[in-house]
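Fit chain Y to the given chain V structure using the hints.
Protein chains in written order, with the numbering used here: chain V, 1 to 222; chain Y, 1 to 222.
Think of the hints as simulated: they come from the structure by calculation, not from any bench.
Treat each hint with caution, since some may be false.
A pair counts as met if it fits within one copy or between any two copies, since identical chains are not told apart.
Below, a list of computed lysine-lysine pairs in the DSSO-like style, where the Cα atoms sit at most 30 Å apart [what the hints assert, rightly or not]:
1) K175 <-> K54
2) K175 <-> K206
3) K54 <-> K109
4) K146 <-> K110
5) K168 <-> K206
6) K110 <-> K206
7) K206 <-> K167
8) K88 <-> K206
9) K110 <-> K54
10) K206 <-> K54
11) K146 <-> K168
12) K109 <-> K206
Take a look at the letters that make up each chain.
There are 2 protein chains.
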Amino acid sequence: MTIAIIGGTGPQGQGLALRFARAGVEVVLGGRDGVRAAAIAEELQAQLPSDAAKIRGLDNEGATAAAEEMVILAVPFSAHNATLEALKPALAGKILVDIVVPLAEGDPKKVAMPPEGSATEAAQALLGDEIPVIGALHNVSAVTLKALDQSINCDILVCGNSLEARKKVIELVRKLGVEAYNAGDAQSARCIEAITPILIRLNISKAVPFSHAGIRICPPDH
Amino acid sequence: MTIAIIGGTGPQGQGLALRFARAGVEVVLGGRDGVRAAAIAEELQAQLPSDAAKIRGLDNEGATAAAEEMVILAVPFSAHNATLEALKPALAGKILVDIVVPLAEGDPKKVAMPPEGSATEAAQALLGDEIPVIGALHNVSAVTLKALDQSINCDILVCGNSLEARKKVIELVRKLGVEAYNAGDAQSARCIEAITPILIRLNISKAVPFSHAGIRICPPDH
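So here's chain V without its partners, still in its complex pose (with noise of 0.2 Å):
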């Protein structure tokens, strides 16, 4: 399986590649400069045992056509809809993941969700029904996400309209070793991406004892 990771070159990014690979599934990174993206592959590759997938760079185009099936989409939330109306001719055929949260500007403590309602939403719309997006991994820090020793402290909730495409994802984000749930159809990403600067706000507080919070689905306590 290869995956391509848009704006593959962000934090963020780098870390679902490391993961990925590690995990068996082949990563395409994409970066606006695709041979600073084949660059920074380069990199990430060296930090994994021989036996990983291999990771390679493009730009977001080539990245986006090179892709088996999923594309994340990790840009900045500034650049989120320009970004998608450059890619959606190579998009089709394809099930966009949808990563960004739409934090406010200079406040990450909060969201400044779109007037769709939330990214997925955004993305949804600008794409067509044809293209199906689904929302996940929003929650996941990306400094956990580069510490290999670490597993990751956060189950992923998974939302969007179609069904079918939401359980590829589950699927594939499970490849990582995390629970992921099904939360629902796009609407849901209203509340999944508010999450995170939920959680970031706890990572800069000092009455939490600790960073990077994630959130997990508990089953009753006996």
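Structure of chain Y alone, referenced to chain V:
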């Protein structure tokens, strides 16, 4: 300390009354019918050891007046605004703790948020800035609350525009033996309230091997 629970004759209200009284907090259950509220209060008291604090029952107005400072609102969303309109005079000088989730009619796996963005924000708009509104306790299962042999498998995310009131509610909630976190201003309720239908979806789902799920904030794994 004496708190009121408005709509306290419902499952969530009853569960909270049991837990708070067991923790030493006097509770006045408010119901539309004060006689029925008093009868339910008596039933609840009988389930508790003799050293528990008292649970009384009154009509909603009487219960609000009897609260020292904290008034918990636990009515169905359909009664949310009308209840607050009626209680507004009695709420002067108190803190409203809004635990109401605007579940979509006919589909508890979704929210249908009011125009203000969340129940907490609607309450704050309705009551005016003089009466602080704090959102909390949205995500705890009523079944879990009533199962007194179980601890509560859910951290409590507390939000609202008054930091001072948030701190007081965090202190109150911690009496239940749960962790409570400062989740920011009232806008965070758009996220926190919407976690409940996601948990309800997981509880119903055959793919999830447990019901009465909670969420917890997790430090990094090591």
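Hints and how they fare:
Proximity of K175 and K54 under a CA criterion of 30 Å is satisfied intra-copy only: 16 Å inside one chain copy versus 52 Å between copies. In this assembly of identical chains, the alpha carbons of K175 and K206 lie at most 30 Å apart only when taken from different copies (21 Å versus 34 Å within one copy). Taking identical chains as interchangeable, the C-alpha atoms of K54 and K109 are never at most 30 Å apart, the minima being 36 Å within one chain and 40 Å between chains. Proximity of K146 to K110 under the C-alpha cut-off of 30 Å is restricted to the intra-copy arrangement: shortest distance 24 Å within a copy versus 34 Å between copies.
For the identical chains of this complex, K168 and K206 are inter-copy neighbours only, at 17 Å across copies versus 39 Å inside a copy, given an alpha-carbon limit of 30 Å. Proximity of K110 to K206 under the C-alpha cut-off of 30 Å is restricted to the intra-copy arrangement: shortest distance 18 Å within a copy versus 34 Å between copies. For the homomeric pair K206 and K167, the shortest alpha-carbon distance between copies (14 Å) is at most 30 Å, but the shortest distance inside one copy (38 Å) is not. Taking identical chains as interchangeable, the C-alpha atoms of K88 and K206 are never at most 30 Å apart, the minima being 43 Å within one chain and 35 Å between chains.
Neither within a single protomer nor between protomers do K110 and K54 lie at most 30 Å apart by alpha-carbon distance, with minima of 36 Å and 40 Å respectively. Taking the shortest Cα distances, K206 and K54 never come within 30 Å of each other, neither inside one copy (40 Å) nor across copies (36 Å). For a Cα distance limit of 30 Å, the shortest separation of K146 from K168 inside one copy, 24 Å, qualifies, whereas the shortest one across copies, 38 Å, does not. Proximity of K109 to K206 under the C-alpha cut-off of 30 Å is restricted to the intra-copy arrangement: shortest distance 14 Å within a copy versus 35 Å between copies.
Violated hints, in rising order: 3, 8, 9 and 10; the structure is consistent with all others.
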